[in-house]
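*Asks:* Sequence:
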Amino acid sequence: MSPQKNRNFTRRTGVMKRYVYFLLFILISSCSFFESKQKRTQELINEELRHIDWNSVDSYPFFYTCDETATKAQQKICFEETLISHFQETLNDFEFTLTDKESETAAVIFVIDTLGRINVTDIEKDASVLTQMPEFDGVITQSLKNLPKLAPALKRGIPVNTKYRIPVQLNTN
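Read left to right, the sequence shown gives residues -12 to 160 (my numbering).
Be aware that one or more of the hints could be misleading.
Listed next, with one range per pair, are the computed distances between beta-carbon atoms [what the hints assert, rightly or not]:
(1) GLU34 to ILE153: 36 to 44 Å
(2) PRO121 to LYS59: 17 to 25 Å
(3) GLU30 to ALA114: 15 to 23 Å
(4) GLY144 to THR86: 16 to 24 Å
(5) VAL126 to LYS24: 43 to 51 Å
(6) LYS132 to GLN25: 41 to 49 Å
(7) LEU78 to ILE145: 55 to 63 Å
(8) LYS26 to THR58: 33 to 41 Å
(9) THR58 to VAL126: 33 to 41 Å
(10) LYS132 to THR58: 54 to 62 Å
(11) GLY144 to VAL107: 49 to 57 Å
Derived by calculation from the structure, the hints in this document are not laboratory data. Where a beta carbon is used, it is the ideal one built from N, C-alpha and C, also for glycine.
Construct the complete structure from the given sequences, taking the supplied hints into account.
*Replies:* This is the structure we're talking about:
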């Protein structure tokens, strides 16, 4: 190879090396750019999650007979009134009486899921209630299952599960 060609070859390889180093630099710096952008996004998400009140909902579950555009307070009242009125109406067909105590309170705990379905999770009651009224759990569960169709509660526009506890007062003869 002639000295002229050798110089041109060396010059080209030097230029190519600089070009390769430049590309490597761009790739490395762009990766850290994306990494810092991703890190900043995660920090913003974490900050937002810290400020969310996870113990309240933006809108209560509502029965389709209630006004969806009502205020949160009005939605809560309509939900509670509809629930209690249906519950009382259904339970009036049954006589729950105890002979041991003057009165007893049972607590019905249920969840309204993201599809608006009701699932009874627990019925807290004294052992005497179970002995004297073995059909109690079935009647309570069926009463809640027969509620009119309802929409789930919303948190930031997303359907969420909500848990409720209803006291049921049982009287004696």
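*Asks:* Now tell me if each hint is right for this structure.
*Replies:* Consistency of the hints with the structure:
1. Between GLU34 and ILE153 the beta carbon distance is about 37 Å. The supplied range of 36 to 44 Å therefore holds.
2. Range check, PRO121 to LYS59: Cβ separation about 40 Å, and the 17 to 25 Å hint is violated.
3. Checked against the hint of 15 to 23 Å, the C-beta distance between GLU30 and ALA114 comes to roughly 53 Å, which is inconsistent with it.
4. Between GLY144 and THR86 the beta carbons are some 51 Å apart, a value that contradicts the proposed interval 16 to 24 Å.
5. For VAL126 and LYS24, the Cβ-Cβ distance of about 58 Å falls outside the hinted range of 43 to 51 Å, so the restraint is violated.
6. About 46 Å separates the C-beta atoms of LYS132 and GLN25, a value consistent with the hinted range of 41 to 49 Å.
7. For the pair LEU78 and ILE145, the supplied restraint of 55 to 63 Å is violated, since their beta-carbon distance comes to about 33 Å.
8. Take LYS26 and THR58: their Cβ atoms lie about 40 Å apart, and the range 33 to 41 Å holds.
9. At roughly 34 Å, the beta carbons of THR58 and VAL126 sit within the given window of 33 to 41 Å.
10. The given range of 54 to 62 Å is broken by LYS132 and THR58, whose C-beta atoms sit roughly 29 Å from each other.
11. Between GLY144 and VAL107 the C-beta distance comes to about 28 Å, which lies outside the given range of 49 to 57 Å.
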